[in-house]
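Visitor: Listed below are the residues making up each chain.
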Amino acid sequence: MSEWGGVPAVRESGFAAEVTSVEPLVLVMRGNADATVETALGELVEQLHRLAAAQHARVVRVDLSQVEFMNASSLNAFTLWLTLIEELPAADRYVLRFTLDPKRLWQHRSLRTLSCFASELVEVEP
Amino acid sequence: MDLPEHLVEQFRAVAQERVARIEAAWAQVLVAVDDDASNQLHREVHTLKGESRMLGFTDIHLVCHKLEDLLEVARARGYAVDDDFDLSVNMALRFMTMLARKKIGSHLGGIDLPGFIRQIDQVLSESRPEVSRTRSGNLVAVNRISGAPVVPSALREKLAPIALDTFIEYASALGARRDRLRGSWFALREMIGLQRAIVGPAQLLKLKSNAHALAKELGKQVEVSFALASVEVTAEVLSAVDVATLHLARNAVDHGIETTAERIAASKPASGKISLRGGLRGDRLVLELEDDGRGIQWDRVRARAVELGISRTAVDALDHDRLIELLCQPGFSTRTEATDISGRGVGLDAVRGAVVELGGTLTATSVEGSGTTWKVSIPVPSLTVHGHVIRPAGCGFSVLLDARWIPTPHHPDDRVLDLAAELGIGTGASGELLAFERGDLRIAVPCERAAIAGQGRRLIATPPSSIGEVVVIDSVEALLIRVERLLAL
Numbered sequence: 001m002s003e004w005g006g007v008p009a010v011r012e013s014g015f016a017a018e019v020t021s022v023e024p025l026v027l028v029m030r031g032n033a034d035a036t037v038e039t040a041l042g043e044l045v046e047q048l049h050r051l052a053a054a055q056h057a058r059v060v061r062v063d064l065s066q067v068e069f070m071n072a073s074s075l076n077a078f079t080l081w082l083t084l085i086e087e088l089p090a091a092d093r094y095v096l097r098f099t100l101d102p103k104r105l106w107q108h109r110s111l112r113t114l115s116c117f118a119s120e121l122v123e124v125e126p
Numbered sequence: 001m002d003l004p005e006h007l008v009e010q011f012r013a014v015a016q017e018r019v020a021r022i023e024a025a026w027a028q029v030l031v032a033v034d035d036d037a038s039n040q041l042h043r044e045v046h047t048l049k050g051e052s053r054m055l056g057f058t059d060i061h062l063v064c065h066k067l068e069d070l071l072e073v074a075r076a077r078g079y080a081v082d083d084d085f086d087l088s089v090n091m092a093l094r095f096m097t098m099l100a101r102k103k104i105g106s107h108l109g110g111i112d113l114p115g116f117i118r119q120i121d122q123v124l125s126e127s128r129p130e131v132s133r134t135r136s137g138n139l140v141a142v143n144r145i146s147g148a149p150v151v152p153s154a155l156r157e158k159l160a161p162i163a164l165d166t167f168i169e170y171a172s173a174l175g176a177r178r179d180r181l182r183g184s185w186f187a188l189r190e191m192i193g194l195q196r197a198i199v200g201p202a203q204l205l206k207l208k209s210n211a212h213a214l215a216k217e218l219g220k221q222v223e224v225s226f227a228l229a230s231v232e233v234t235a236e237v238l239s240a241v242d243v244a245t246l247h248l249a250r251n252a253v254d255h256g257i258e259t260t261a262e263r264i265a266a267s268k269p270a271s272g273k274i275s276l277r278g279g280l281r282g283d284r285l286v287l288e289l290e291d292d293g294r295g296i297q298w299d300r301v302r303a304r305a306v307e308l309g310i311s312r313t314a315v316d317a318l319d320h321d322r323l324i325e326l327l328c329q330p331g332f333s334t335r336t337e338a339t340d341i342s343g344r345g346v347g348l349d350a351v352r353g354a355v356v357e358l359g360g361t362l363t364a365t366s367v368e369g370s371g372t373t374w375k376v377s378i379p380v381p382s383l384t385v386h387g388h389v390i391r392p393a394g395c396g397f398s399v400l401l402d403a404r405w406i407p408t409p410h411h412p413d414d415r416v417l418d419l420a421a422e423l424g425i426g427t428g429a430s431g432e433l434l435a436f437e438r439g440d441l442r443i444a445v446p447c448e449r450a451a452i453a454g455q456g457r458r459l460i461a462t463p464p465s466s467i468g469e470v471v472v473i474d475s476v477e478a479l480l481i482r483v484e485r486l487l488a489l
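Each protein sequence line maps, in turn, to chains A and B. Sequential numbering from 1 applies to the first sequence in my numbering. Sequential numbering from 1 applies to the second sequence in my numbering.
Read the hints as simulated data drawn from the structure, not as lab findings. Note that this is a predicted model, so its numbers are computed, not measured. Quick reminder that beta carbons are idealized off the backbone N, C-alpha and C, glycines included. You may find that some hints are simply not true.
Coverage of chain B stretches by chain A, computed from C-beta distances (three or more under 8 Å per stretch; other residues unrestricted) [unchecked claim]: (1) 86 to 95; (2) 113 to 126; (3) 176 to 185.
Reference excerpt, derived from the structure (chain B facing chain A, CB under 10 Å, subset only) [stated by the list, open to error]: (4) A27; (5) M98; (6) R101; (7) R391; (8) S398; (9) E448.
Isolated chain B (complex conformation) (with noise of 0.2 Å):
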């Protein structure tokens, strides 16, 4: 059946929009991770997809379900991508707008479409095959759901000076050498590469099904309220708030929440609440998850301590907080009896143990008989340096000079800084100084062209001992430098 030609029409005017919103949203989250860039990009590709078999244009559709595809890797990875990666979403893109321009059923001309669906399929399988397709419309954290081996954090930090050092090397490379040095980069880069993921309400839905399951398993009611906001973290830290507010919701039903028949009696609302709320404050992350259940029953804590061997003098001076600290160390239970529900213990030493190892802390407050606040609070590293874009002459990169340097007019008594020279790269000689002040320290720097302002999305973090690390700029690798550590300062 022929469609009448002004669907067609404006079928054609609309992809193209969608494809520049697509084109805008895929350039901004290889900036930095943004849930709504995020979600806009999947939404309107699988609307685009949806719209073209709709109308016909069975390549469009074709070539939208490889991008998905594409982009459920990329999302999983926190789109931290490599360049083969970045060019073939754009090339799918490309793809649609000429697509889009075509007459349907109308000769494709040179348009090698099978062959592109191919090199996509390779692309996608050598980017972490392992990673399930998921349709949650969430970021993921890949280690747990690719099930790629956790680099532990000791082994990252020995690595991440030495993927600075081969960063540095494959940037200044030509010819074989760097094509050589590529791959080391990558490996590594794709080793201990930050994960970037998001904690907001979208990542944590599952918890919501999750409690009411459980509650209706158990005869209770259970109302669960979200109030969070949005926030950019690694894949470490989205993994602790996974486990431990998944913990704590089944914690709450289980332990919290009184049956109904409790509740009416105790004159409470039928159905139990319980919210997570929190977002960002200062550098940390702080969720908390309350319920209008029964509280700790301060008393049978005490008594459990007792029975553990720690004398009555002593447990009748622990405060509040000291039991706290008690009811989540392993094998402390309240319970008589392990539940199938959650076992004795209640995995409380676990949801410590994953906040704590982040350096971060587990806290609560109760009130018995009105319920108990449990609070997380995890440490969250910047993922973005601000500054100042520079190109060194004799580096082939770009450097990053983060914010507190000032640009300010070259003076002849600056300290010029040399980095092609200090990096042992090469030379910097014939570049023009570009000069910048920090307190008292001024700097003059040979560069190429003229600094801009700028930020980078961190991408491999180094300790502040090491001289720098790698960031992205604009979709480029470039290097962050430490000009104090540089400077043995």
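Just chain A, with the same shape it has in the complex (with noise of 0.2 Å):
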């Protein structure tokens, strides 16, 4: 298992998820993430907040054009990171700048769901 700044990466079989850049901080993930790899997941996004809140990030992008599939249960790893977020000091909370693949249709069904849950800390690069 590999890290960068402190976080460590998830390299289940199939499913990829690694902090590639700290400054600024970009989370790439590849592959396919299922409910097995839901637990591993979370523990990087905790690890990847403290350290965008120890930074005082503004943004942190998540890079999900290379992923093929994720559930529902390791779709709540974000849920997680945007309630921990919404904990955070309004002005210390940060955005989560999401790169999808255009041509992944689930992709951005999910992000439109997942942006309800707190619109102001969502983006979708266009």
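Fit chain to chain and form the complex, with the hints in mind.
Guide: Given below as structure tokens:
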């Protein structure tokens, strides 16, 4: 397991998530995320959040363009993340800016739902 | 009116506990339809809805209301839901957790509740809008309730291998091709996927009210009792059981149970008794419906058989089992007049037809003056397969090997089974070999990770001659592989 900025990467079979840049913070995911990665992904998100909060980051980029599919339980990692951001003082909150593959319709559907959860904290790159 | 703070705080804590229980029950019903988990799921949401309204958490109340709608649809579909649906339920639960933490009347921040409600409505409108909302609290057979087209079993059998191929193509595809195939796979899954249901006291409750209403209409008294174990079945089996038990109970009231005066004259309790008992016996659902009425009048059955042209000699040679078979033939009735209640023939042929169509049997024993016991026996296919979950290299999806395969240390003589190559979707050359044995057969499958014990919920049944079928493992679709078919052994 490699790590960048103290945030361990998730490398389960068929799925990977790792921080590829610390300034700005960029999380890149690829492959298929199912229920088996939920716990590891949740831990990664918590550590990345701590790092983002410590850096007073304004934006964390999340690149989903290479993710084939994420099921509902693995998408829960993002709702956990948004909850953690919501718990920060308003001035310290940062935005999650997602990069999607325009051809993967599920990504757009899921992000639409996710943005309802915290519309001020979710952005999708055009 | 401001509520005492301690009450509000108590609600926040209780609400989050309820959400956790709802989440656990939702995960449970996605793995296997479980009547208890299903009931708990609906009960918890309903209770939370009531509590939130009472304490002024109107946003939670609204989400609960929509969640109830989602759960009704899911229940009607035997909890065979797609990813979007699962996501909506999960997000609704996340919403409720977040809303429970917020102060009443406080700014909702970035929460776009109306937008989320619109998305739920959209998911609902795409999910069988014809499914009628029921408050019965029971799992229902979707085909009967919804009026959705019932796919004939012959067509279903033809489409099942096509669905299997479509799943393999979809699950192994990438990018735009995967999105395109997703629609085809979902359409087939929707059309011929196994609809799960539960047969148990809750599902057959209407039989009681129906029998009571009919008895009242006929000036009779009847008590109906159940001694039933809940059994997970397909919706087709529930539908057949529904037809059979309802007809047989009505028959018992109409023809078996005597009037109060007749029963008193026969030294019987004034109120007749009908009992329905049974459950799973081996791989069959066996139900017995017994009444303590007048029993089948065998002489009248024989006389009717003669009327219909069977020779007296032949009729006299028929035993009770054969006479029961005659009684279940279309148009055979010992009634001299059709009744408004059940007509001539009283639907026994329909009962037998519904049961036999699923490979079942309908038999009866009867003693004149004492009553009749009808026995319905229907084979119940196993809806869950236990085994080993592996992730074959190069496949992009998990595979289930049934429990007859035993994990074993790899040996150089093992037959290497590169599933990606066998299925024509790639190569698993880079994988680590996991070995399994079954009798004399040993295989080694290139895999991405170690095998784990697991169970798959059958999604689309295929015949044993097929190389496999699609199952759901922990809410993720996977492939049950029949190795011997794949290797043409």
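Visitor: Hey, does the R391/B contact hint survive, CB to chain A under 10 Å?
Guide: holds (5 Å)
Visitor: Checking hints one by one. Is A27/B an interface residue toward chain A, by the C-beta closer than 10 Å rule?
Guide: holds (8 Å)
Visitor: Check, residue by residue, whether the segment 176 to 185 of chain B contains three or more positions whose beta-carbon lies closer than 8 Å to a beta-carbon of chain A, and give the verdict.
Guide: With 4 residues close enough to chain A, the hint holds.
Visitor: Less than 10 Å between beta-carbons is the criterion; does E448/B satisfy it with respect to chain A?
Guide: holds (3 Å)
Visitor: Are three or more residues of the segment 113 to 126 of chain B within 8 Å, CB to CB, of chain A?
Guide: holds (count 4)
Visitor: For the hint on R101/B, does the least C-beta distance to chain A fall short of 10 Å?
Guide: holds (9 Å)
Visitor: Mind checking, does the segment 86 to 95 of chain B have 3 or more residues with a CB under 8 Å from chain A?
Guide: That given contact holds, which follows from 8 residues of the segment 86 to 95 of chain B lying within Cβ reach (below 8 Å) of chain A.
Visitor: Would the stated hint for S398/B survive a check requiring a Cβ distance to chain A of less than 10 Å?
Guide: holds (8 Å)
Visitor: Does the closest beta carbon of chain A sit nearer than 10 Å to the beta carbon of M98/B?
Guide: Holds, about 6 Å.
Going through the hint list in order, the structure satisfies each hint without exception.
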